[in-house]
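Number of protein chains: 2
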Amino acid sequence: MITKSSLERMLHPKSIAVVGARRDSTNSEAWMDLFASIVQFGYKGRLYPINPKADVILGYKAYPSITSLPTSVDLVIITLSAPHVPSVLSECATTGNRNVQIFSAGFKETGEEEGLKLQQEIEEIAKKGELSVIGPNCMGLYIPKAGLSCWRGVSEKSGSVAFLSQSGGFAEDFSSYAVQLNICFSKVISYGNALTIDGTDLLTYLSEDDDTRFITMYLEGVRNSRRLLEMTSKINITKPVIIVKAGQSDSGIKAISSHTGSLAGAAHFWDAFFRQTGAVRAYSVEDLVHVTLMFQNSKPPNGNRLAILGAGGAFSVIAADACNKEGLEIPAITSDTQKKLRSIIPAAGNIIRNPIDANLVMNSPSLMQSVLEVLGKENYIDMLLLNLHVDWMYDYGPEGLIETMGGFLSNDARRYMNDKPFAVALRSYRADQEFKHACNSLEKVLRSAGVPVFRNIEQPISCLARLSQYHNFIRKAR
Amino acid sequence: MITKSSLERMLHPKSIAVVGARRDSTNSEAWMDLFASIVQFGYKGRLYPINPKADVILGYKAYPSITSLPTSVDLVIITLSAPHVPSVLSECATTGNRNVQIFSAGFKETGEEEGLKLQQEIEEIAKKGELSVIGPNCMGLYIPKAGLSCWRGVSEKSGSVAFLSQSGGFAEDFSSYAVQLNICFSKVISYGNALTIDGTDLLTYLSEDDDTRFITMYLEGVRNSRRLLEMTSKINITKPVIIVKAGQSDSGIKAISSHTGSLAGAAHFWDAFFRQTGAVRAYSVEDLVHVTLMFQNSKPPNGNRLAILGAGGAFSVIAADACNKEGLEIPAITSDTQKKLRSIIPAAGNIIRNPIDANLVMNSPSLMQSVLEVLGKENYIDMLLLNLHVDWMYDYGPEGLIETMGGFLSNDARRYMNDKPFAVALRSYRADQEFKHACNSLEKVLRSAGVPVFRNIEQPISCLARLSQYHNFIRKAR
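Protein chains in written order, with my numbering: chain U, 982 to 1459; chain D, 982 to 1459.
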């Protein structure tokens, strides 16, 4: 039984031993060197590299084995090759080092006899010794508040998003990429083959974790799917649970067996799972980052009715089609609203329907302010999508773009929109380097200001749809 | 009746008059100045700006009206505001200037009485005068071989892709973006409201155009959908027809009426259209560019069986799921192939199934060569997807990446693969600027070499799927 207090201790360790720390560790760019990564991230607790052939590693006194440590530690991380893991794990048990992360691969996921046997062996040792084990075959922990990261490329800043991953690669990719979109984490836990600690145990922990407001997961399989369903149903009401469930096809399920050795479960179970729990579904690293961005930066919308403000006729048609596909409603602009908007927007070349196709508004923050104020007050509009076709924002020139529209959208737009969720689609097709550069800079400015910004039209529509679906679900469930 | 010879003359004009050329035209960045765009692109024929208030525009002698021209021209382009168009069109008819492009908007697409009346008026003039009209409400022509472009940001290089667009904005976006992926055009024709020349007329012309190997379209509606279906069925057998059909939903159809004023047609008609014709379906500017890239750079595959070579367990599962969704088969690697591959790829950490998960191969062009040689010879593999996780290609460092893997993939990979279609998914999540830069540079190198390269995993899979579906369809149809 995994207790809250043992997890608490494990996730905020005051001391760590790394079995198999490399003698030749350097602080340079060796991304696969776990001990060096912990040192480089600036871990402040006591750190014990274990390697019988070294005296000192990266300035830390090295020990020959777990049994030679002066004291027990809050977390032992094993990085030795699979055949060496059972004996070290036994030493953990006998020395009372109950919290272990096994980084090493080469167990159940190989599908080969030796790996299966080794997994069984460590499972027995863990059970008998009452060990709490994260892994094997995992990257482990990235917990900024604890000053701990087992991999590189992540931020020291804490945030409110937790991520549970059966895949180490996905955890690395997601955490590196998310940070560039100003998504910060409370805890990232890569738990691989889930020997004793499973997704459901971690989910239970996170449901009571005050630092976590959003729970994201990369899931291949789970031991007790019924329990996961019940728990997700419960937690999702207060903390949105966003899940990439991989392995929805025969080929995907086959690929899972050689990745984490999990039982993927039938596709129809997972379809029902998402329907019943109301958990939010995502499909890839990029998609998970984008939908998390939308949740992190939006207040709950009242419904699924979207106003689209942009420029370009084809864009309007394509956007409307995409909304239909994703289940978003594009309500007709009432004649009352139309009248208000017409007093702001001149008729020539500007079409006031929904989508609103008004290039002039795109080239004037003051016009845009007036339009947003009108839309923000209409109670039949729940959310807004702003389509900025940067190539057509001639009036600014590339340099002016950030100052004018960047400034307006970062500081004021949300307020004028009455805090309704909104997203920006930032599109540019011109080859000119200055336009590309302007577009990238504007993207950065908006991201820093917490505006969900995207580089195409499908992603924001799909993310807004999932945001409104989630809130619609929990409104009914409450 | 639109004849081939009149279209031929119109699309390769030796003389052009631009009615409404601006007095203050400059060669600078005024993207909306059509006359200046033609001059800037370097049109070599005779050019007559028409503006009663100017003597010379950009070095060209200006004329007060069509009637004052010394000779008839191959193409008249009208850029005046809508109410002025009928009288100029009448002048075209009386002076025997039969080929006209009407750039101006403000006709049927406004949905308002005046616009509808104006459209009816010009329709009658065109009919009576037997005029061939492109537009109104369109950007017109970009035909590099004729030295003619009505908009900026496009290449002087000719290619084998034709593009027909009911939307001027889509034509601009698509042509600007495509050029950056080394997609070059035979002809781009933006034809807006389709007064006399419709998509089907242009399609007929392109079916016999030796410069065109691929036909792409952005379509909102068509006058004679039955004729379009018959023609597309016929042409698609020899020249792939790739179509973005916008307006598949009620909201989309409403948006169309205010864009080109077309009748969108019922969604079920268009579903049947794609099923019966075998035409390839695309969904947005970006999607059309990517699928065109795949067609332009690939030989016909023998089937839909894909081998995936990459690194990362989660990636393998997600890729397999995506293939399943798109109808691609991921055949099991036979024990014979497995044996051959095992002699090249060491066992530890490398999984030889399909997807093949072998980070070591990603870090060695010579290993990759050997692997591709094996896969290229297996007749149960029709196509290959290469997943390069740039963040994990530690061995090269960012600088080495282009020289080693870039060189190998650009020059040799296709040959080793026995000319089977292949695509590269180039993924990078690290925040480091040097990795981002390396990734962008590698992308450019591969694009220049004609390798279809993508920045995520869903796009190449979706494009390979459409490539194989197309060839499967025409194999059966022939």
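Since the hints were made in silico from the structure, they are not lab data. Given the structure is predicted, the values throughout are model-derived calculations rather than measurements. Check the hints yourself; a few may be wrong.
Just so you know, same-sequence chains aren't split out, so a pair can sit in one copy or run between any two.
[What the hints assert, rightly or not] Here are the simulated lysine-lysine pairs, BS3-like style, with alpha carbons at most 27 Å apart: (1) K1098 / K1457; (2) K1425 / K1320; (3) K985 / K1098; (4) K1280 / K1306; (5) K1235 / K1306; (6) K1138 / K995; (7) K985 / K1025; (8) K1220 / K1235; (9) K1320 / K1098.
Check your understanding: Going back to the hint list, which numbers does this structure go against?
Key -> 1, 2, 3 and 8
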